[in-house]
Structures are given as C-alpha cells and as structure tokens.
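In the UniProt record's numbering, the protein residues as written are 1 to 199.
Source of the hints: derived by calculation from the structure; they are not laboratory data. Backbone N, C-alpha and C define an ideal beta-carbon position, used for all residues, glycine too. Among the hints, erroneous ones may be present.
In silico lysine-lysine, BS3-like type, Cα no more than 30 Å apart, as pairs [to be verified]: (1) K182 to K88; (2) K107 to K192; (3) K33 to K182; (4) K33 to K184; (5) K116 to K88; (6) K88 to K33; (7) K182 to K192; (8) K33 to K107; (9) K88 to K192; (10) K33 to K192; (11) K88 to K107; (12) K116 to K33.
Derived Cβ-Cβ restraints for the label pairs, each shown as a range [what the hints assert, rightly or not]: (13) S181 to G13: 33 to 43 Å; (14) G13 to G193: 41 to 51 Å; (15) D142 to K33: 24 to 34 Å; (16) V149 to K184: 15 to 25 Å; (17) R168 to E105: 13 to 23 Å; (18) E105 to R17: 38 to 48 Å; (19) Q194 to D12: 43 to 53 Å; (20) I197 to R17: 35 to 45 Å; (21) E198 to D11: 39 to 49 Å; (22) A38 to V149: 16 to 26 Å; (23) K33 to R73: 16 to 26 Å; (24) I9 to K184: 31 to 41 Å; (25) M187 to L44: 20 to 30 Å.
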Amino acid sequence: MPQGQPSVIPDDGLTTRQRRNRPLVVVHTGVGKGKSTAAFGLALRAWNQGWPIGVFQFVKSAKWKVGEERALRVLGDSGEGGTVAWHKMGEGWSWVQRDAQMDNEEKAREGWEQVKRDLAAETYRLYVLDEFAYPMHWGWVDVGEVVSVLRDRPGTQHVVITGRNAPRELVDVADLVTDMSKVKHPMDVGQKGQRGIEW
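Using the sequences and the hints, build the whole thing.
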C-alpha cells in the first residue's frame, strides 16, 4: 500500500514511528455536504483496525435512523473489528427551532461532559463528535475548554469533529482540517434529500 511522505521533517526529537502514531484532532467543517460522511469513513477504517469507537451525535435527532449508525452497530457487534458505541445528544435540527433550545443546550453540555469522562478514561481509540462544531459556535460549550481538553487528552485517542462554522481556536489546535465547499447540490434546483444519499 502506498504511504504518503511528509514534505517537512520537524526537529521535535520524535522518531518517525512516534511521529506517525501521534493521536490526531481532525475537523471537517464548511458549507458543503460530506462532513459527517467523511468522519464515518474514518470510523470504518478504525473498526477495521480493531479500535473501540465512540460516536457522539450532538444535533441530529435521536429519532433519526441514519444508515451509518445501523452499519457501524452491525459491524461493532460482528466480533470481527472494533466495538462501536453510539450516543445521541440532540432532539432535532437546532437551527430550525431556536425557541425550544434550552433542552438541546443542556443535552449538548451533558454530551460534552460524557466525552470528557471518556477521554480521561481512554474509553475509545476514535471519537466521532458529529455536529459538535454547532454547540461551540452557538456558545453552548466553551471552546477554550474543548481546546484544552483535546490538547491534554491522554494516550493515543483520535478525535474527529464535524459541523459548519468550526471555531478558529479549534481549527488552530487541530492536526487535520478539511473545509468542505459546495460547488453544486441537488437542493439548489429544488430536489429534497433522498434515501441512500442523505441518510
């Protein structure tokens, strides 16, 4: 399998292996489609490596039956790769109903507290914090605290955060940031989301 070669070799005192195996903070942001999809693609790779995976959905409704959840739960229960735990923290698309957000704010904060506990306990090797950029952007969760916790997390835990409007402080501390831009989307011409594509 081809391996990428870094264009820079820092003078950080680490061996090539130590640098290669450094845990990453990954951010998928921007207005384009595919932020969560890319994060779940990483989860598939992590499952294949036998890593325990924790998925925390922060905004999508707990009632939604998304395809990635079913697929990863089946894989996690198969006994062949890593385990998968799926946590739903939201009750709906929070930017649509701003009047009923106190409950969602509380759930987002509770979700972040659980993530902090799991990071401290090194519960998972890969964390997918789906749509977590929104609670930070809205001020529900303190960005400075998130950055501090991520920077100081123990072990070899990778964290992937998705969502539009990722705060600058998060982008600055992240190791890998992808800004998904939109060129075209079927919704631009009035087509609603469909099975197998959006969920």
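Would you say the C-beta atoms of E198 and D11 sit inside 39 to 49 Å of each other? holds (46 Å)
Straight-line Cα separation of K33 and K192 no greater than 30 Å? holds (14 Å)
When you take the CB atoms of I197 and R17, is the distance between them in 35 to 45 Å? Given a distance of about 40 Å, which is inside 35 to 45 Å, the answer is holds.
Status of the given 16 to 26 Å range, CB of V149 versus CB of A38: For V149 against A38, whose Cβ atoms are near 23 Å apart, the range 16 to 26 Å holds.
D142 and K33, beta-carbon distance inside 24 to 34 Å? holds (29 Å)
Is the straight-line distance between the alpha-carbon of K33 and that of K107 30 Å or less? The given pair, whose Cα atoms are some 25 Å apart, holds under the 30 Å limit.
For the pair supplied as a hint, K116 and K88, confirm whether the alpha-carbon distance does not exceed 30 Å. Cα-Cα ~16 Å, so holds.
Does the Cβ-Cβ separation between S181 and G13 fall within 33 to 43 Å? Given about 37 Å between the Cβ atoms, the range holds.
Quickly compare the C-alpha distance for K107 and K192 to 30 Å and report which way the hint goes. With a Cα-Cα distance of about 29 Å, the restraint between K107 and K192 holds, given a limit of 30 Å.
Taking 41 to 51 Å as the stated bounds, is the beta-carbon spacing between G13 and G193 within them? The hint (41 to 51 Å, Cβ to Cβ) holds, given that G13 and G193 are roughly 49 Å apart.
Within 43 to 53 Å: is that where the Cβ-Cβ distance between Q194 and D12 falls? holds (47 Å)
Check the hint pairing K88 with K192 against an upper bound of 30 Å on the C-alpha distance. OK: K88 and K192 at ~24 Å, within 30 Å.
Checked against the numbered hints above, the structure violates only hint 16.
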